[in-house]
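K.L.:
Which chain is which? The protein sequence lines are A and B, in order.
FYI, this note's numbering numbers position 186 of the first sequence as 186, with every residue one higher than the one before it.
Whatever position you read off the second sequence (first residue = 1), add 1000 for this note's numbering.
Calculated from the structure, these hints are not laboratory results.
One or more hints might be untrue.
What the hints assert, rightly or not - Straight-line distance between alpha carbons at most 25 Å, and here's what the computed SDA-like set of lysine to any residue pairs gives:
1. A:Lys-258 x B:His-1084
2. A:Lys-258 x B:Lys-1053
3. B:Lys-1053 x B:Ile-1063
4. A:Lys-258 x A:Asp-46
5. B:Lys-1081 x A:Phe-93
Here is how the chains run, residue by residue.
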Amino acid sequence: MRIASLLLSLAAACLCLYPLLWMFLSSFKTNREIFQPTNFFPSIFDWSAYRSLLTGEFLPFQKYLINSLLLSSGQAILATSSSLAAGFALAKFRFPGRSVLVGLAILLILIPKQTMVVPTFEWLDRLNLIGSRWSLLLPGAVSGLGVLFFLQIFRNLPNEWMDQARIEGLSPLRAFFLVVPLAMPGVVGFGVLHFVLSWQDHLLPLVVLDDENITLPLALTKLRDASFRIPEAVGMAAACLSLLPVLVLFGLCIGNMKTALREVVQS
Amino acid sequence: MFWLIPMMLGIEISLQDPVFRPSMAGDTGNNFGTSYVGTENFKRVANDPKFWKSLENSLFYVIGSILIILPLSFFLAMNLKEIHRVPRGLLVFCLLVPGLALPGVLSTLFYLFFHGRNGILNQFLVIPLGMEPINWMMDPKFIMPSLILQSVWRWTGMITLFFLCGLEAVPKWQIETARLEGAGAWMRISWVWIPCIRHLGVFAAVFLAVDGFASFSGAYVLLGGSGGMLDSGLLLVTYLYQVAFPGGGGRFDFPAAAAMSLIAFPFAAALSYALLWIRSSASSSK
C-alpha cells in the first residue's frame, strides 16, 4: 500500500516536473535542438543565453525583473496589510454594516478582477494613473480572499482576549498590534500567495503599463514575439529566471503556508 | 474607528473599480462623451455570436477543469497521506512547481509539446498507441482539451495541498472507529474522508471557477491573442480584451466590452453561487 502510494505520487511529481526540467535544459540548446522536443539533453551546456539576457542584449531584462519584483512585493505587502486590518476588524468587533462588508468581500472573490479590466482601465484613466506603477499597485492592494482568510484566522482567537484588552484600557489599535504576531504564519502565507498571484498576472499589466516599466510576463511574450531574431534558448532562459524568485520564496515559506492553511481549514 | 480606515479604503477602491464604473461605461455612447444610449450596447453584445461562443467556451473550460482536477487531487492527496513526512513534503513541493510558473511560460512549453507531429505527446503517447498524430493546436476539436489539460497541470498541485491539509486535520479516532465498525476502504473513503473535506472541495471548486473565468494569460500566449481555429479556444476575457484594446481586433469598443463584462459576471457569480448553495444544502441535510 505504502509503496504503491509512493510510486504513484512519484509518477505524478515527475509528470509535473518533466516539462519544467525540459525548459531548464532547453535554455542551453540551439534552436534546432529545441524543435526536436523528444530529445532531452542538450549536446553542450552553453550559458550564452543567460549571458545575453542579463547583459540586456535583446531587452533590458534586468530592469524588467527588478520592476516585476518591486511591483509584486508591493502588491503583496499592501494587500496583506489591508486585509489583515480588515479581517481583524470584521472578526473581533460588532458594528452596523458588518455583514454587508463581509458580503462585499465575498463578492470581490466571486467577480474576478480580470473580467473588470475595462472599468478598471477607465477608472485609472480618470485618475490619470495609466502607465505609472501605481496603476498596478492600487488595484492589487485589495483582496477579498485575504479579508476572508484573516477573518477566519482571527475568529479562531478567543474573544475573551479582546474583552481583557478593553478592560485594561487598551485602544483597539494597540490590541491589534498585540494580536498580529499570533497570526504570523497566516501573514507570511497569504503574502507569498498574493505575491505569486500578482507575479503571474498578465492582463492588467498588459493593459495599463507603458513600455517603460512592463513586468516579466509581458517581457516573455515580447521575447517570443520577435523570435525570428532571438534564439529560443533565450526565451527559455528568461522563463527559468522568472520562475526562480517564486520558487525560492515558496520553498522558504512552504512550512509556514501549511501551518496557516491548516489553521484556516480546521475551523 | 481608526482601525476601520484601511478596510474602508480598501473596499472603497475595489468597489469603485468593478461596480460603479461599468454602469457608467456601459451606458455611455462613446468613450469620453456623455450621450447615454440606454441599453443599446447591451443589445449589440447580446446579438454578437462571438460573445456567446466565448461564454460557452469559458463555461466548458471551467466545468471541464473542475471535473478533472478535483478527483485527481483528492486521489493524489489520499496517496500522499500514506507517505512518510519528509518525502511527502518534497513531493508536494514538486507538484506545486507548475502552479508557480508564469502561465505564459506554461503555454510556451505546451506549445512546443503539442506542436505538430513532433510534439512530445504525439511522439510518446499517440503514435505508440497506434493512433493518428493529433494536431492539438489546429484541430478545433482539440484546442479546448489542450487548454483544460494545461489548467489541470497548473492547478492540481495547489488543490492537492489544500486537500492534504484537510485530510491531515481529520481526527484519527474517526478513522479508527470506522475501521472497528468494519467499514472497508471504499466505505471509509465515502463516509469519512470525503465528508470531512467537502467544504474544502467546494472552496477549491469556487476558486477554480473564478480563476477559470478570469484566465487570460494561458490562452493568450498559447493562441497568440486570437481565438484559435474557428474561435474554438476563445475565452471570455480574451474576447473582452480583443474588443476593448488594440492588441486584439483593434475595435476600441469600450462600451461594448463593459456591457459584456456586465452581462458575463452574473454567469460567473451564478456558477460560484450555485456551488456555495450546493454546499450549504448538503450540510443542512446532514
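K.L.:
Mind checking the alpha carbons of Lys-1053 (chain B) and Ile-1063 (chain B) for me, to see if they're no more than 25 Å apart?
P.N.:
holds (15 Å)
K.L.:
Lys-1081 (chain B) and Phe-93 (chain A): Cα distance at most 25 Å?
P.N.:
violated (38 Å)
K.L.:
Does the structure keep Lys-258 (chain A) and His-1084 (chain B) at a Cα separation of 25 Å or less?
P.N.:
Within the cut-off at roughly 16 Å; holds.
K.L.:
Holds or violated: Lys-258 (chain A) with Asp-46 (chain A), Cα cutoff 25 Å?
P.N.:
violated (38 Å)
K.L.:
For Lys-258 (chain A) and Lys-1053 (chain B), compute the direct alpha-carbon distance and say whether it is at most 25 Å.
P.N.:
violated (40 Å)
In summary, the numbered hints that this structure violates are 2, 4, 5.
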